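Residue numbers (my numbering), protein chains in the order written: chain A, 210 to 506; chain B, 30 to 311; chain C, 157 to 499.
Simulated from the structure, these hints should not be mistaken for lab results. Heads up, some of the hints might be wrong.
[Unchecked claim] No farther apart than 30 angstroms at their CA atoms in a straight line, the calculated lysine-lysine pairs in the DSSO-like style are these:
id, chain 1, residue 1, chain 2, residue 2
1, B, K204, B, K145
2, A, K350, A, K286
3, A, K383, A, K421
4, B, K204, B, K153
5, C, K195, A, K286
6, B, K153, B, K302
7, B, K302, B, K214
8, A, K383, C, K195
9, A, K421, C, K195
[Stated by the list, open to error] Cβ-Cβ distance ranges computed for the label pairs, FRET-style:
id, chain 1, residue 1, chain 2, residue 2, range
10, C, F328, A, E268, 29 to 35 angstroms
11, A, S217, C, V464, 39 to 45 angstroms
12, A, A281, C, P482, 21 to 27 angstroms
13, A, A229, C, A396, 38 to 44 angstroms
14, C, T162, B, K153, 44 to 50 angstroms
15, A, V221, B, E38, 48 to 54 angstroms
16, C, V172, A, S285, 50 to 56 angstroms
17, B, E268, C, I165, 37 to 43 angstroms
[As the list claims (entries may be wrong)] Covered stretches of chain C (chain A as the covering partner; in silico rule of three or more C-beta atoms under 8 angstroms from a C-beta of chain A):
id, stretch
18, 162-170
19, 309-318
20, 399-412
21, 418-428
Since we're looking at a predicted model, the values are computed, not measured. A virtual CB, placed ideally from N, CA and C, is assigned to each residue, including glycine.
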Amino acid sequence: MSRWWFLSAAFVLWIVSGLALVRLPADERIRSRSDQVPPRIVSMAPNLTEILFALGLGERVVGVTQDSDYPAAAASKPRVGTFWQPGVEAVIALRPDLVVTLAFEQQQEFSRRLGRMGYSRLMVNIETITGLFDAIVAVGKAAGASGQAEMLCANMRTEINQIRSATASNQPVKVLWVVQREPLRVAGRDTFVNEMIELAGGENAIGPTLHKYPPVGAEQVIAARPEVIIEPAMLPSVLDQQRRQALEYWNRFANVPAVTTGRIHVIDGDTVSRLSPRLPAGIRTIARCLRPDSFGE
Amino acid sequence: MTTVIQIEEVSFGYGSQRPVLSHISVGVPRGVFLAVVGANGVGKSTLLRIMSGLLRPRSGQVLLEGRELYSYGIRGIAQRIAVVRQEFVPAFGFSVLETVLMARTPGYGPLGFESKEDRALATKALEMTDTARFASRPLGALSAGERQRVFIARALAQNTPILLLDEPTSFLDLKHQVAIYDLLKSTQQQAGTTIVAVTHDLNLAAQYCDEALLLYPSAGEPKADAGLAANHRLGSVSEVLTPPEIQRAFGVQVFSGRIGRARFVMPLGARAKDADFSGRSG
Amino acid sequence: MHPPLTSRILLVRTAVAAMLLVAVMLACALIGPQDISLKSALGMTQSNAAPTPDHEILVRVRIPRVLLAAMVGAALAASGVVFQALLRNPLADPYILGVSSGAGLGAMIAVVGGLSWTLWGRSPIAVFAFAGALGTVWLVWGIGRITGRYQVTGLLLAGVVVNAFFSAMIMFLVSIAKSHQLYATLFWLMGNMTEEDFFVLWVGGGCITAGIIALFFLGPQLNIISVGHEDAQSIGVPVARIELAAFAVSAFITAVAVSLSGLVGFVGLIVPHAVRLLFGPDHRQLLPLSSLAGAMFLVIADTVARMVVAPAQLPVGVVTAMIGGPFFLLLLIRYSKRVYWPT
């Protein structure tokens, strides 16, 4: 029996001494280096990279994730893992003064880990267009580029308003936004894509759903009666192939207005699959699909 | 002669089934070699388990050395009673010596290792059962008879004054059956151990045991319904293992013959060669 | 066959294993997706200038991960030993009684419900996985006690039923979850080592070490119980009490391990087997040696997981299966003469 008492006592002692000994504050030496204008910034998402470059901070960006492909200058920056699997060692090796992440679970956790190690970090939530503008302002503030941030937002807003005013008077076009064909998944009303569609003068053919990107069945497609079907392609290299496959696939939906009028568009997914400073270009692309006469080409 | 285990008015049933034992009272004298016999399902194993404290009776009490059995605690009972069940091959490959040493476990020191005395007892037990030469072999590599001897050795290593065995020779060949009974008898004679063994072999019981407890099929019926004075018979083997008693307990007629100091019984059915001798004595 | 264990043999073997473990941990701390030099890492600790990235990586990332892997590996191996003994089944592992589905359910609930309670800076997934694992084991134990006349069968059946039910609930939650939540949970569940801060490591390590020592104290009784529990009682071991204690402690350290690192499979099943093949079934030896072997195994597996597709990272559970399977096969072939399988 005595050995059990001994073990319990030792265990309690261990925990208590842990409370005393190991609760060390984060490394102060690193913090002191981050002043108003952080010279070394790491971006953990492609749209964050775009924002940083758009704010003119391209030179101060020292690390980006593997999928940061825009602008071209970003492609030559050191890689710090991917959007889904951030590489903590790579980030540390770059000695960043500021690490910018998005706010979803995986990156939140990563941001927390870096914070525990004493790094300065900024977490922004870019799930809506409003969120995008807030993020641009936040990044500008943290990086000492508030002026540029304001200017960027103003420019973007002006462009978007231009597109809106050109389409506002007409009846919204019903759009089905297809993110995956087999099984069929579409963008629902609670997505940023939906916001872009509405700004481009369209309306989501699918009504409100539980999921953001719900799987739908053929019945719902037919009942929705979309006038235009848009499929973003993930890689520009497969654009043609996807177009052919799309036409083959949609032909079986003979009753759908979009199919009978042949308004099935497979577009380059680059500007429409993430919220970034290229948002106006993305909205314009969509508007072109919806009203080809108004927007030319 | 004092009674070392006393069972008083004990009743037991598994779950809600009809009781297996009903109001049984039995006293086991000290130092005796007692055989427990009876038909299948009559409650022999159950009685043994109740004696060893593994099962609790629904009513009645069990006394060990005059005290309530359960008051001793699991460890206390284990210091006085050792149980041997039918041999089996366990899931993990312990050696013979390791298995026998396990009997000493409750007395281990703080780091859980056996003392020299523990080892000496285990070695002695191995020698008594003639299993010392297998000491480092895994149990699974032995024959059934050898394994049964190892389980007996483990019980002996427990160093208890009482030994309970449940059909220790059921599946063994002749040579091993005899070896085990010789071993048990010598243990009783040299160490004064009280031995209670459930067995189906009436003849070996007659040759080796002093007393026999015969359980009738009515052992589970309440006394009032039975219409019989008792549900068991306890006495010396020559009193108990007689044709009329065997007929009553097993429903079988036997021929009873005398060898020297003990008798033997030969069950004879209607189509046996000597069927006309059944029910007679010689 | 193995000669019976003496305290001297055990001490020697444990000491050798411990030294081997330390060596492995040090070596693996120097391996990672970034090349670091030991000189640079140790050089800047005294001066006032900021520490070099090498030092940061070594101290903040590598060492915590290696410590974590060692802890989790030890916990899983030790509780694997105990579950195999209690269930008298060499194929048992720490997850057999619902820990995996309980942890998974806890994690899914945390993510889908958007719950954000943290404990000592650990993520809500970890906290809820811990609660889920522990709660499930308690549930299974309770059901097993009520329904099982023969203790072991009752427990196993209860475990199967609970596993099935919880898996169905997990599937339901998966179907209504958002995609990025799903990915995060799945990845976490597949088992991976991330660096934790030292306080969490301190507490976790303390719990696991205390648990393993407690199980070691139960070693001799576990020997007997693994042979048969009626036998154990006749020998004088309070079977029900010991089983409950061993079960509770193993479940606890498994839950701690799962909350630290997700579900890492294979360690709890294979390491006890391998150690048993090499050194025999005596639990007084199995427990310390399996713990140390499990720690070594997981540290190495984690290092491989980090390096093999660098800079990406494999879930460590994939690596444990891929290393563990063939290794065990080899061991089995070489030592099969020493094994006697009951017919």
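Now for the hints, and whether the structure bears them out:
Proximity of B/K204 to B/K145 is assessed by CA-CA distance (about 34 angstroms); at most 30 angstroms being required, the pair is judged violated. Distance restraint check for A/K350 and A/K286: the Cα-Cα separation of roughly 23 angstroms lies within the 30 angstroms cut-off, and the hinted pair is therefore satisfied. Restraint check for A/K383 and A/K421: satisfied, since their Cα atoms lie roughly 18 angstroms apart, inside the 30 angstroms limit. Between the alpha carbons of B/K204 and B/K153 the distance comes to roughly 22 angstroms, so the proposed pair stays at or under 30 angstroms and holds.
Among the hinted pairs, C/K195 with A/K286 is consistent with the structure: their alpha-carbon atoms are about 28 angstroms apart, no more than 30 angstroms. At most 30 angstroms may separate the alpha-carbon atoms for a hinted pair to count; B/K153 and B/K302 exceed this at roughly 47 angstroms. Straight-line distance between C-alpha atoms of B/K302 and B/K214 comes to about 34 angstroms, which puts the hinted pair past the 30 angstroms bound. In summary, the hint linking A/K383 to C/K195 is not supported, as the alpha carbons are separated by about 65 angstroms, beyond the 30 angstroms threshold.
Among the hinted pairs, A/K421 with C/K195 is inconsistent with the structure: their alpha-carbon atoms are about 51 angstroms apart, more than 30 angstroms. Here the CB-CB span from C/F328 to A/E268 is close to 50 angstroms, at odds with the stated 29 to 35 angstroms. Between A/S217 and C/V464, the C-beta spacing of about 42 angstroms keeps the proposed range 39 to 45 angstroms intact. Taking 21 to 27 angstroms as the suggested C-beta distance range, the pair A/A281 and C/P482 does not conform, at roughly 46 angstroms.
Between A/A229 and C/A396 the CB atoms are about 39 angstroms apart, so this pair conforms to the stated range of 38 to 44 angstroms. Restraint check, C/T162 to B/K153: a C-beta distance of roughly 19 angstroms breaks the suggested window 44 to 50 angstroms. Taken as a hint, the range 48 to 54 angstroms holds for the pair A/V221 and B/E38, whose Cβ atoms sit roughly 51 angstroms apart. Taken as a hint, the range 50 to 56 angstroms holds for the pair C/V172 and A/S285, whose Cβ atoms sit roughly 51 angstroms apart.
A beta carbon spacing of about 56 angstroms between B/E268 and C/I165 contradicts the range 37 to 43 angstroms that was offered as a hint. Counting residues of the stretch 162-170 of chain C whose beta-carbon sits less than 8 angstroms from any beta-carbon of chain A gives 0, not enough to reach three: the coverage restraint is violated. Counting residues of the stretch 309-318 of chain C whose beta carbon lies closer than 8 angstroms to any beta carbon of chain A gives 0, which falls below the threshold of three, so the coverage claim is violated. Requiring three or more residues with a Cβ within less than 8 angstroms of a Cβ of chain A, the coverage given for the stretch 399-412 of chain C is violated, as only 0 such residues are present.
Counting residues of the stretch 418-428 of chain C whose beta-carbon sits less than 8 angstroms from any beta-carbon of chain A gives 0, not enough to reach three: the coverage restraint is violated.
The structure fails to meet hints 1, 6, 7, 8, 9, 10, 12, 14, 17, 18, 19, 20, 21 from the earlier list, while all remaining hints are met.
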